[in-house]
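Student: As a plain string of letters, each chain reads:
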Amino acid sequence: MDISPPQARSEAREPAQRLARVLVVDDDESVTAAIRTILARHGFETEIYLRAYAGIRALQQSAFDVVLLDIFMPGLNGLDAIEHIRRNSSIPIIAMSGFCLRSSAGYGDCLSLAAQRGATCCIRKPFQTAQLIEAIERSQSSFYPAQGSAS
Amino acid sequence: MEKLTALSLLQAPDADAPLPDDFEFGRIPAARSRVASEVGAAMAHELNGPMTALTLYVADLYLRKSWIVDANGDTESLRRIVESAFREAERICSLLHRMGDTFEAPIPQETAVAVARDAIAWWSRTASSDGRSPSPDNRPADDGNRSAKTLTPREREVLRLVSEGCSNKQGAKQLSISYRTFECHRAEVMRKLGARNTAELVRLALSDQSGSGTSTAPGGN
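Quick mapping for you: the protein sequence lines, in order, are chains A and B.
The first sequence begins at 1 in the working numbering and counts up by one.
The second sequence begins at 1 in the working numbering and counts up by one.
Just chain A, same shape as in the assembly (with noise of 0.2 Å):
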């Protein structure tokens, strides 16, 4: 479908901020429906989908703003589907995750991996609506380019 640059979208974006079309991607449904029920109270567009798999397909069939990606998922789990995305696209990516994972080796945790395969943001689950709001707005108000692991 209809792909913009990221300039002629900005543009297009500066009447209302709220129209940012959202894709949501976690296993848990009851996370999935209370994210749609909130983020379409605060005029957002939500698509839902419950598998990684599905939800990168999407993506490659119609146009998003924002990709919200939990972590740990059955089938593919965000971290591959991080890469995935960044193969070809630079769409700004949140990942969520209540999940902490140390090791011995002090690696860091899941969202640091996340950012360092090219999320844009890491959120901490369980979130509030201010927390979830900002960090769209955040990932809209500059386009975000491709986070590679250089740094």
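It should be emphasised that the hints constitute simulated quantities derived from the structure, not laboratory data.
Nothing false has been slipped in among the hints.
Partial chain A-side listing against chain B, Cβ under 8 Å, derived: (1) Ile-35; (2) Leu-76; (3) Gly-98; (4) Lys-125; (5) Phe-127.
So, partial list: chain A residues that the calculated Cβ filter (under 10 Å) puts toward chain B: (6) Ala-33; (7) Ala-34; (8) Ile-38; (9) Arg-51; (10) Ala-52; (11) Tyr-53; (12) Ala-54; (13) Phe-72; (14) His-84; (15) Met-96; (16) Arg-124; (17) Gln-128; (18) Thr-129; (19) Ala-130; (20) Leu-132.
Glycine included, each C-beta is placed from N, C-alpha and C at the ideal position.
Place chain B on chain A using the hints.
Tutor: What follows is chain B alone, placed relative to chain A:
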């Protein structure tokens, strides 16, 4: 004598076996903390989804509390209830965050593969700063002849279902075939594509889907 029993328990070959009923927790702090850690992680994990949903709902009520009106006239106390509900939800949230920080979770195997791959890449990046380290990303591509093109239509269907997160059981049900048959198809797909585990299989399916043709199978362990 008791101590000996406890020690031999710790050294049992199957470290993941459940502890016997007469196991004395006070005696072995390491074992006790491991059990506590896994229970804590499991609890935090189970509570996370519903708590995320509940927090979102309550936080939204809280944001709109000035619009709340009690039909019976006691609006003040109704608003206080919403405020209190929000504060309690906040408290449980920070409790869950603390639990997540404290307890180490046994992570799903496929995610563990992804994490381990990142860890190896990170290690080889930091281990030598000259950038010529044997990073897993620099492996020569070995997927030239591995292509989903050689799959039969049935095998493609099986691959799709596995990629979408179906278990063997669910997949067999969807295709109205037996569990065993599904397993056979799946094994054949893995053999043809050279995938060693489900995570790799899903990755291969996706690279085929996006047409990029580049496989990111994890490096040889």
